[in-house]
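Protein chains in written order, with the UniProt record's numbering: chain A, 1 to 307; chain B, 1 to 307.
The hints are simulated quantities; they were obtained by calculation from the structure and are not laboratory data. A virtual CB, placed ideally from N, CA and C, is assigned to each residue, including glycine. Warning: the hint list may mix true and false statements.
Unchecked claim - Interface residues of chain A toward chain B, partial, derived using beta-carbon atoms under 10 Å: (1) D136; (2) W142; (3) V144; (4) L182; (5) E204; (6) R234; (7) F237; (8) L245; (9) M247; (10) E253; (11) A261; (12) R276; (13) T277; (14) R281.
Said to hold, decoys possible - Straight-line alpha carbon distances no greater than 30 Å define the calculated DSBU-like cross-link-like pairs of lysine-lysine that follow: (15) B:K164 / B:K87; (16) A:K100 / B:K213; (17) A:K100 / A:K164; (18) A:K100 / A:K87; (19) B:K164 / B:K100; (20) B:K213 / A:K164; (21) A:K213 / B:K164; (22) B:K100 / A:K213; (23) A:K28 / A:K164; (24) B:K164 / B:K28; (25) A:K28 / A:K87; (26) B:K100 / B:K87.
Okay, here's what each chain looks like letter by letter:
2 protein chains.
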Amino acid sequence: MIEKLALIGIGLIGSSIARGARRAGLAKTIAIATRRQETLDEAERLGLGDQYFTSAADAVRDADLVILCAPVGAYEALAKDISGSLKPGAILSDVGSVKKHVVDVVSPYVPAGVHFIPGHPLAGTEHSGPSAGFADLFENRWCVLTPVEGASSDAIAMLTAFWKGLGSDVETMSPEHHDLVLAITSHVPHLVAYNIVGTVADLEEHTQSEVIKFSASGFRDFTRIAASDPVMWRDVFLTNREAVLEMLGRFLEDLSVLQRAVRIGDGDALETLFTRTRTIRRSIIAAGQETAAPDFGRPHGDGKASE
Amino acid sequence: MIEKLALIGIGLIGSSIARGARRAGLAKTIAIATRRQETLDEAERLGLGDQYFTSAADAVRDADLVILCAPVGAYEALAKDISGSLKPGAILSDVGSVKKHVVDVVSPYVPAGVHFIPGHPLAGTEHSGPSAGFADLFENRWCVLTPVEGASSDAIAMLTAFWKGLGSDVETMSPEHHDLVLAITSHVPHLVAYNIVGTVADLEEHTQSEVIKFSASGFRDFTRIAASDPVMWRDVFLTNREAVLEMLGRFLEDLSVLQRAVRIGDGDALETLFTRTRTIRRSIIAAGQETAAPDFGRPHGDGKASE
Numbered sequence: 001m002i003e004k005l006a007l008i009g010i011g012l013i014g015s016s017i018a019r020g021a022r023r024a025g026l027a028k029t030i031a032i033a034t035r036r037q038e039t040l041d042e043a044e045r046l047g048l049g050d051q052y053f054t055s056a057a058d059a060v061r062d063a064d065l066v067i068l069c070a071p072v073g074a075y076e077a078l079a080k081d082i083s084g085s086l087k088p089g090a091i092l093s094d095v096g097s098v099k100k101h102v103v104d105v106v107s108p109y110v111p112a113g114v115h116f117i118p119g120h121p122l123a124g125t126e127h128s129g130p131s132a133g134f135a136d137l138f139e140n141r142w143c144v145l146t147p148v149e150g151a152s153s154d155a156i157a158m159l160t161a162f163w164k165g166l167g168s169d170v171e172t173m174s175p176e177h178h179d180l181v182l183a184i185t186s187h188v189p190h191l192v193a194y195n196i197v198g199t200v201a202d203l204e205e206h207t208q209s210e211v212i213k214f215s216a217s218g219f220r221d222f223t224r225i226a227a228s229d230p231v232m233w234r235d236v237f238l239t240n241r242e243a244v245l246e247m248l249g250r251f252l253e254d255l256s257v258l259q260r261a262v263r264i265g266d267g268d269a270l271e272t273l274f275t276r277t278r279t280i281r282r283s284i285i286a287a288g289q290e291t292a293a294p295d296f297g298r299p300h301g302d303g304k305a306s307e
Numbered sequence: 001m002i003e004k005l006a007l008i009g010i011g012l013i014g015s016s017i018a019r020g021a022r023r024a025g026l027a028k029t030i031a032i033a034t035r036r037q038e039t040l041d042e043a044e045r046l047g048l049g050d051q052y053f054t055s056a057a058d059a060v061r062d063a064d065l066v067i068l069c070a071p072v073g074a075y076e077a078l079a080k081d082i083s084g085s086l087k088p089g090a091i092l093s094d095v096g097s098v099k100k101h102v103v104d105v106v107s108p109y110v111p112a113g114v115h116f117i118p119g120h121p122l123a124g125t126e127h128s129g130p131s132a133g134f135a136d137l138f139e140n141r142w143c144v145l146t147p148v149e150g151a152s153s154d155a156i157a158m159l160t161a162f163w164k165g166l167g168s169d170v171e172t173m174s175p176e177h178h179d180l181v182l183a184i185t186s187h188v189p190h191l192v193a194y195n196i197v198g199t200v201a202d203l204e205e206h207t208q209s210e211v212i213k214f215s216a217s218g219f220r221d222f223t224r225i226a227a228s229d230p231v232m233w234r235d236v237f238l239t240n241r242e243a244v245l246e247m248l249g250r251f252l253e254d255l256s257v258l259q260r261a262v263r264i265g266d267g268d269a270l271e272t273l274f275t276r277t278r279t280i281r282r283s284i285i286a287a288g289q290e291t292a293a294p295d296f297g298r299p300h301g302d303g304k305a306s307e
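Could you put together the complete structure from these sequences and hints?
Below you can see the structure in the form of structure tokens.
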């Protein structure tokens with residue numbers, strides 16, 4: 001059990017950590033900091049912590065574990081702000097979706113004696129804010145830690161135990177490898193989803209093409225990840241540019257081949273691809289990372305039980 | 001109530017019609033035809049109908065309503081096959097995802113006195129086969145009818161009542177308009193999903209990039225529609241080529257703009273798009289075409305209730 005946990009930022013992820021840590025008894029005291037008074041008041045109304053601050057520096061004082069849960073674009077200023085208030089021996093971590101950039105902008109402000117171990121829980125929903133969090137969010141999901149060279153193995157073990165206490169499986173890798181893997185498993189899928197929803201929004205606006213009315217024919221699946229937090233995702237694309245452009249390039253090459261198959265009517269090529277992609281979902285379900293229920297288990301028939 | 005309903009094809013859609021029609025008492029007798037004996041045996045084991053045939057021509061005899069529920073690529077041969085066995089005054093319909101092509105290949109075989117009214121229920125899951133269907137599938141979903149010029153208004157009213165009996169809302173439009181709307185709400189989303197899952201499958205195979213392991217970070221959403229029936233979707237892209245290429249062109253134009261915004265680091269452009277797309281999902285939820293539950297209501301924490 002940690003004496004004092006400080007969460008800097010209390011949106012979907014921060015508030016889920018707070019709830020999960022409370023439920024599992026992972027910290028005696030939970031300090032919460034967020035810049036906006038309104039958000040802080042909401043966190044307090046929800047009873048997410050024990051101490052509430054609008055100043056991150058005030059929140060981290062005496063904390064054994066500090067986790068940055070704000071958008072990545074705010075990290076540099078936050079690191080500068082808290083640098084002088086971090087307790088010697090404390091662990092500083094985060095939950096950002098990119099890791100190389102985080103190492104670059106935070107490291108210069110980490111005082112000697114503080115263990116900086118960047119992290120990224122691969123979990124979330126399309127909802128945002130303190131009320132969107134829930135204690136189960138991290139259960140059976142991966143949390144990736146990207147410790148810098150020479151990081152204390154005791155500190156890594158402690159942070160690993162913390163995430164396991166929240167229900168996560170923990171994996172360690174380099175920041176660069178993390179950013180490349182996440183570019184294709186997360187960042188490019190989000191970019192593509194944002195893009196197709198944007199294309200459709202234009203059509204809806206200019207041609208009354210009834211896309212919202214008929215969205216259940218496939219389109220609505222894309223709208224979930226395209227409803228994710230705009231500021232968070234802006235920062236992802238600003239800070240993982242090279243890996244995103246590399247993976248987007250691969251996606252576009254493949255799409256050109258597929259576009260040509262449609263144009264020339266190559267049914268064999270289409271059927272081969274469509275059969276192959278079906279097996280990928282089966283692998284994900286077998287790996288315990290997806291529900292086997294049809295249609296994600298969405299309610300059908302106004303929530304009445306299906307036959 | 002219809003005296004005799006004949007379903008030609010008994011996959012996800014056909015079997016859902018059978019179950020829904022049975023539950024709502026829409027037909028006295030349900031005849032089921034499918035080419036493969038194994039599939040027919042499964043349908044019989046499931047008790048989906050009253051009569052079972054491997055010959056479509058045998059199934060449609062004396063039927064008042066005949067619905068083609070096979071992949072669109074099989075329609076021409078089926079229409080030719082059943083042409084001489086259709087009862088005068090019968091309604092012939094279908095559930096295919098494209099409509100102009102269906103009108104082109106089926107109409108020549110529709111005898112005088114038979115009412116041909118193509119249809120398309122905008123409902124489905126990623127699962128296939130007779131056991132994948134359920135009676136609630138069409139509830140609160142749109143069914144689009146695309147009657148040809150001069151179609152009997154009595155026959156249209158009867159088919160409309162049938163789909164309303166299954167829980168659907170019914171809309172009538174031209175085959176051409178249907179194909180353009182579905183190209184962007186369904187066909188291009190499926191193409192893009194198939195493509196990104198294919199790109200990722202290549203990476204998984206060649207670089208062990210751990211995409212399945214970390215799929216919950218966004219990618220897995222795409223795998224659902226990319227797990228849809230391969231033959232059905234092959235036929236969609238073979239038979240709605242022009243509309244798909246037109247809408248894919250728009251998608252690619254927009255993606256070029258977005259790719260450039262990432263490359264030059266235009267945070268304002270990114271945030272503006274990401275904010276706009278968020279409102280589209282809210283509209284779809286408000287229109288009753290999507291669940292408001294976070295993450296599609298997927299189970300979290302091994303199915304335990306969320307806090």
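Hints, one by one, checked against the model:
Because the closest C-beta pair between D136 of chain A and chain B is about 3 Å apart, less than 10 Å, the hint holds. Given the 10 Å rule on beta carbons, the hint for W142 of chain A holds: about 6 Å separates it from the nearest Cβ of chain B. Of the supplied interface hints, the one on V144 of chain A holds, with its beta-carbon coming within about 8 Å of a beta-carbon of chain B, less than 10 Å. With its C-beta approaching chain B no nearer than about 6 Å, L182 of chain A sits inside the 10 Å limit, and its interface hint holds.
This hint holds: E204 of chain A has a C-beta 8 Å from the nearest C-beta of chain B, less than the 10 Å allowed. Hint on R234 of chain A holds. Least Cβ distance to chain B is approximately 4 Å, under the 10 Å limit. This hint holds: F237 of chain A has a C-beta 5 Å from the nearest C-beta of chain B, less than the 10 Å allowed. This hint holds: L245 of chain A has a C-beta 6 Å from the nearest C-beta of chain B, less than the 10 Å allowed.
Interface hint status for M247 of chain A: upheld, as the beta-carbon distance to the closest one in chain B is roughly 8 Å, under 10 Å. Checking E253 of chain A against chain B by beta carbon gives a least distance of about 8 Å; that is within 10 Å, so the hint holds. With a cut of 10 Å, the hint placing A261 of chain A at the interface with chain B holds, because the nearest CB-to-CB distance is about 8 Å. A distance limit of 10 Å between C-beta atoms decides the matter here; for R276 of chain A the minimum to chain B is near 6 Å, and the interface restraint holds.
Look at T277 of chain A: its Cβ gets to within about 4 Å of chain B, closer than 10 Å, so that hint holds up. With a least beta-carbon distance of about 4 Å to chain B, the hint placing R281 of chain A at the interface is held under the 10 Å criterion. Between K164 of chain B and K87 of chain B the alpha-carbon distance is near 24 Å, which keeps this suggested pair within the 30 Å criterion. With a CA separation close to 21 Å, the supplied pair K100 of chain A and K213 of chain B stays within the 30 Å bound.
Of the pairs offered as hints, the one joining K100 of chain A and K164 of chain A holds, with about 24 Å between alpha carbons and a cut-off of 30 Å not exceeded. About 24 Å separates the Cα atoms of K100 of chain A and K87 of chain A, which keeps this hinted pair within 30 Å; it holds. As the CA atoms of K164 of chain B and K100 of chain B are separated by approximately 24 Å, the hinted pair is consistent with the 30 Å bound. For the hint linking K213 of chain B to K164 of chain A, the alpha-carbon distance of about 17 Å falls within 30 Å, and the restraint holds.
With a CA separation close to 17 Å, the supplied pair K213 of chain A and K164 of chain B stays within the 30 Å bound. Taking the CA atoms of K100 of chain B and K213 of chain A, the gap is near 21 Å; set against the 30 Å cutoff, the hint holds. The hinted pair formed by K28 of chain A and K164 of chain A meets the criterion: a straight-line CA distance of about 17 Å does not exceed 30 Å. With a C-alpha separation of about 17 Å, the suggested pair K164 of chain B and K28 of chain B falls inside the 30 Å cut-off, and the hint holds.
Between the alpha carbons of K28 of chain A and K87 of chain A the distance comes to roughly 17 Å, so the proposed pair stays at or under 30 Å and holds. In summary, the hint linking K100 of chain B to K87 of chain B is supported, as the alpha carbons are separated by about 24 Å, within the 30 Å threshold.
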